[in-house]
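In this text, residue positions in the sequence shown follow UniProt numbering: the first is 1, and each later residue adds one.
Wrong hints could be hidden among the right ones.
Straight-line C-alpha distance at most 30 Å; calculated DSS-like pairs for lysine-lysine [to be verified]:
#  : residue 1 : residue 2
1  : Lys207    : Lys161
2  : Lys176    : Lys192
3  : Lys50     : Lys97
4  : Lys97     : Lys80
5  : Lys2      : Lys97
6  : Lys201    : Lys115
7  : Lys255    : Lys166
8  : Lys223    : Lys166
9  : Lys80     : Lys115
10 : Lys161    : Lys192
11 : Lys161    : Lys181
12 : Lys176    : Lys50
13 : Lys181    : Lys207
14 : Lys223    : Lys50
15 : Lys255    : Lys207
16 : Lys115    : Lys55
17 : Lys115    : Lys181
18 : Lys50     : Lys33
19 : Lys223    : Lys207
20 : Lys2      : Lys115
21 : Lys50     : Lys80
22 : Lys176    : Lys207
23 : Lys166    : Lys201
24 : Lys115    : Lys74
25 : Lys50     : Lys192
26 : Lys115    : Lys50
27 : Lys176    : Lys161
28 : Lys223    : Lys161
29 : Lys115    : Lys33
30 : Lys33     : Lys97
31 : Lys55     : Lys97
32 : Lys201    : Lys223
33 : Lys181    : Lys166
34 : Lys2      : Lys33
35 : Lys74     : Lys33
Pairwise CB distance ranges, derived in the manner of DEER restraints [stated by the list, open to error]:
#  : residue 1 : residue 2 : range
36 : Lys80     : Gln24     : 33 to 41 Å
37 : Ser173    : Ser251    : 44 to 52 Å
38 : His162    : Lys55     : 34 to 42 Å
Just so you know, the hints here were simulated from the structure itself, not pulled from any lab data.
Idealized CB from N, CA, C, for every residue including glycine.
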Amino acid sequence: MKAVVITTPGGPEVLQLQEVEDTQINEDEVLIKVEATALNRADTFQRQGKYPPPKGASPYPGLECSGTIVAVGKNVSRWKIGDQVCALLSGGGYAEKVAVPAGQVLPVPQGVSLKDAAALPEVACTVWSTVFMMSRLSAGETFMVHGGSSGIGTFAIQIAKHQGVKVFVTAGSEEKLAVCKDLGADVCINYKTEDFVARVKEETGGKGVDVILDSVGAPYFQKNVDSLNIDGRLFLLGFMGGAVTQVNLASLFAKRITVQGITISHLLYWA
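Please work from the sequences and hints to get the whole structure.
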C-alpha cells in the first residue's frame, strides 16, 4: 500500500508518498480503507520530531480518518465489511489502509459526508472526554474555550450549547469571533483588545466561569484561575504560549480549583 512517510524531522517537504508494507490486523481490530484523513497540530509536531508515536503504533502520521471497513478481526462483532466509519487513531491515517482497534471506530454521523467525517473523531473525543467526562460540565453551568474558532473550539461551542451551557470564547479577530457567534457562543472576547478576565467577571456578576478549556498554557494560567468560579475546573490541552509559569497557589486553594491535563495519545483510553 501507499503511505505518507516522514523521511526525517523537518518541514512539510520531508513528507513523501512511498510504497510500504501492507497493514495487518489482529483479532480485535478492523482494517479501514481510508477515504480521508485530517490535519492535527500533533501531526505537525510528529513531522518535526517533537511528538513520537506511542510504542507499537503506526509510524505514519494521521490521528483520525474516515473510510470503509475491508476486513475485521475474529473477535470483532460490532463492525462488518462494507461499513462506512470514522476512527480515532494512534497513527497511520496518512495511508491507503489503517488497522484500528474496534473500540476506536465510530459510525459516520447522519448527514455528514464520509470525507467530512474524517475531521470529527479527534475533536469529538477530545472535547467530550475532557470537558464533560473529566471536568463534569453540566447544563446550567458556564464554560470558556480559548481559541474558539479552532477545530476544538468550534466543536466545543456547539456541543456545550446543545447541553444547555452558557459559552464564552476568546479569539484574535472580529472575523473569528463572528464565526463563534454564528455557532452559538454567548460571549465573544477579542483577547487582543480586551481583558478576558475582566469581561468574564462582568458577565458573571463577579463569580467567574465553571470550566475553562485552554491550549495556550503558561501566559494564561493565572488569568484562567482568576476567571474561574468557586469549584472551577481548568483543563489544559497544550502549552502553545509556553510550559513554565508561576501561580499564586492561594488562589487555587481559595476557590477549590481543579487543574487537569491530557496528551492526545491518552484520548485513546476514552474511545
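### Query
Quick check: which numbered hints come out false for this structure?
Hints 6, 21, 36, 37 contradicted; others consistent.
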